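Visitor: Here is how the chains run, residue by residue.
2 protein chains.
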Amino acid sequence: MQKSFEVLGSARDSKARRGRLTTAHGIIDTPAFMPVGTQGSVKGVSPGELRELDAQIILGNTYHLFVRPGLDVIKHFGGLHKFTNWDGPILTDSGGYQIFSLAKLRKIAEDGVEFQNHIDGARAFISPEIAMEIQAALGGDIVMALDECIPYPCEYDYAAQSAEMTTRWAKRCKEANVQRSTSNAQRPTTVASAVSAESKGDALGTAHTTARQLLFGIVQGGTFEDLRKQSAQAIVELDFDGYAIGGVSVGEPEEKMMRAVESAEPFLPKDKPRYAMGLGTPPQLLEMIARGMDMFDCVLPTRLARNGTAFTDTGTLNLKNAEFALDKRPIEENCTCDACREFSRGYIRHLIKAEEILGLRLITLHNLHFYLNLMNRARIEIERGTFDQFRKAFVADYKTREAMRVE
Amino acid sequence: MQKSFEVLGSARDSKARRGRLTTAHGIIDTPAFMPVGTQGSVKGVSPGELRELDAQIILGNTYHLFVRPGLDVIKHFGGLHKFTNWDGPILTDSGGYQIFSLAKLRKIAEDGVEFQNHIDGARAFISPEIAMEIQAALGGDIVMALDECIPYPCEYDYAAQSAEMTTRWAKRCKEANVQRSTSNAQRPTTVASAVSAESKGDALGTAHTTARQLLFGIVQGGTFEDLRKQSAQAIVELDFDGYAIGGVSVGEPEEKMMRAVESAEPFLPKDKPRYAMGLGTPPQLLEMIARGMDMFDCVLPTRLARNGTAFTDTGTLNLKNAEFALDKRPIEENCTCDACREFSRGYIRHLIKAEEILGLRLITLHNLHFYLNLMNRARIEIERGTFDQFRKAFVADYKTREAMRVE
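Those sequence lines, one after another, are chains A and B.
Once you know that position 219 of the first sequence is 219 in the working numbering, the rest is easy, because the numbers rise by one and skip nothing.
Once you know that position 347 of the second sequence is 347 in the working numbering, the rest is easy, because the numbers rise by one and skip nothing.
Some hints could be false.
Since the list gives no way to pick one copy over another, a pair counts as held whenever it fits inside one copy or between any two copies.
Below, simulated DSSO-like cross-link-like pairs (lysine-lysine); rule was C-alpha separation at most 27 angstroms, straight line [to be verified]:
no.: 1; residue 1: Lys15; residue 2: Lys256
no.: 2; residue 1: Lys82; residue 2: Lys353
no.: 3; residue 1: Lys320; residue 2: Lys229
no.: 4; residue 1: Lys353; residue 2: Lys104
no.: 5; residue 1: Lys328; residue 2: Lys353
no.: 6; residue 1: Lys399; residue 2: Lys320
no.: 7; residue 1: Lys82; residue 2: Lys320
No lab work stands behind these hints: they were computed from the structure.
Just so we're clear, the structure is a prediction, and the values are computed from it rather than from any experiment.
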């Protein structure tokens, strides 16, 4: 089989890598940032704008889409790409994280997890096999194994048992995925009926893409270094197309987050992409790249935008602040995004204060541009062999100025 | 002085006219629809999108902008065009309508109107002279005389006295406007100090555009035919660049609205543009065009979009309805707007149900396109001499289908 991932170069002073991941809907240059399209839309942004931003891949949240509009709807439209009119690569998560953070009345067992969704309280059941089947129906280019995402803090024993179950779930995901790849149109009746009995009639069935979906396994183990190592070894043993580090950025101190990644990373194969899930700030992303991570997703650029907060090289700006009322400068000097080329901080501040949608649209565009461009800069710096200087200078400047601005 | 308005053609069977209005920031083909940019933004839409929609003019609400961000801010940025980055024509209203519909504790006297704004309750005073000065500072291409907009229903005597005061206010607006045109940089101290004593320090001063602002007078008189006639005659006597019919679409039955326009129209000069303020539905616009009206503004396309309602040739669609969940068609077949070229009713319904901003953005784009395109079709039909057939067929089809869809 053709290799989907290629390492094009590495940094000298860190584990940073420059890579390229090939998917059914296109190429992703790594390090890569994936804007989060929770409910089939990156909040506030159109697919056309994402293309203009040079986003190479977006993320879709299986849990949200499963709850609303439901699989029957997305399948009727021929999968998530056609439903949303985004023709680039899509990564879908397994739904696990949201089940553990949003859903009510969760009952976790070896077989899978039963829950009531947060929208209308309808009961549903997701197993590793069902998670694979749902993601096959969504038609993402990269799909994720079902894992249990434990909270922080968490007892060692629970973290250990959970990581082991996540490994057994990963094995079942792999098997279900292989089975479907080999007999694509075959409908696993038992699984489908298990779902339809529990959910609101979301029908499962044939996958809508025939191209191979890349399957990533997820390393868990909380903040315990030995568990992270064991989990990484066990998951790698199963041989996935890529490896994610999950259960990070769930409330633990930054130092423990870094340590969790550092504990797992040495046991991940160098020729596969590594995805640090659900983080982080701009400095954190650069630190993660230095620790050998290739892919990231984070709601910060879109979520903070809706609150009037913009990212810049020297930290965040809260555009609600009165100091920006008469400011004719763009959010960031020399930024080439549409918001900075056309609009002043003063005008955007007015829009945010007046709760005009255009305000959050403009900051969202800027923030996504900032994150995507930060990855582009990282790629260039890795190619030039200057990533480490770049990272250190960026992190120092960002944190210092940010601290100066805290009110 | 060069004529700003030119009638290019007229319908045979109605008073419909095809015209062209020249302003400091560009040409407006009439009949024209003006998207409403209440607070310095047409809700949900960027200036670039408005240009792509071929919007030739937008409206700005003086009252809203006066309250927030305040004149000092907009003047600091060099006027509304520069503040909002919209370089096409802008019409600003006088603020009167919002003072009478939104503000609290209004005290109307011959001199002007005192009020507390609806945002922070700050007291302010607006007179005809101040309304002219504020609009000069905003820098709109077309500015409106200050009028009293009476509610419906309204006693005859009050309506009569109010219309007479509106005429006296219109005269003062004209005089203030002429005075400023002849001595542009002169600051009328008394007026400025009257404002700064009452408002939150919104500084008044020199106009930011040197090009002449067109000043429109407003006909009032409620639903009384003789008052509408008298008001039209008195306002026309003062010789404005254009004439608006105000105090319509304020809750009166459609028949009375039509009658109010029909009562005033014969007394308006044919060589000046006529603006029917704050309306209406697509059929109402065509009926108004047939009654000799040239310009319109209305919040319906943007406001209904935020509620999930889309305009089509056959009436409105409420995209929240379950019937659209699996609908792969665009909002309207053969529509050339960005929303219809790229997205299905089913996807847009999902976005609206999930409260995703992209949903209201797409319907807003479609609705504005619909209104702007309706005016374009009207212009073509007038030129062809077929406007009346077009109007009758459109109105009949729209109303019949709309009625069939009412739940």
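Visitor: So which of those numbered hints doesn't the model satisfy?
Guide: 3
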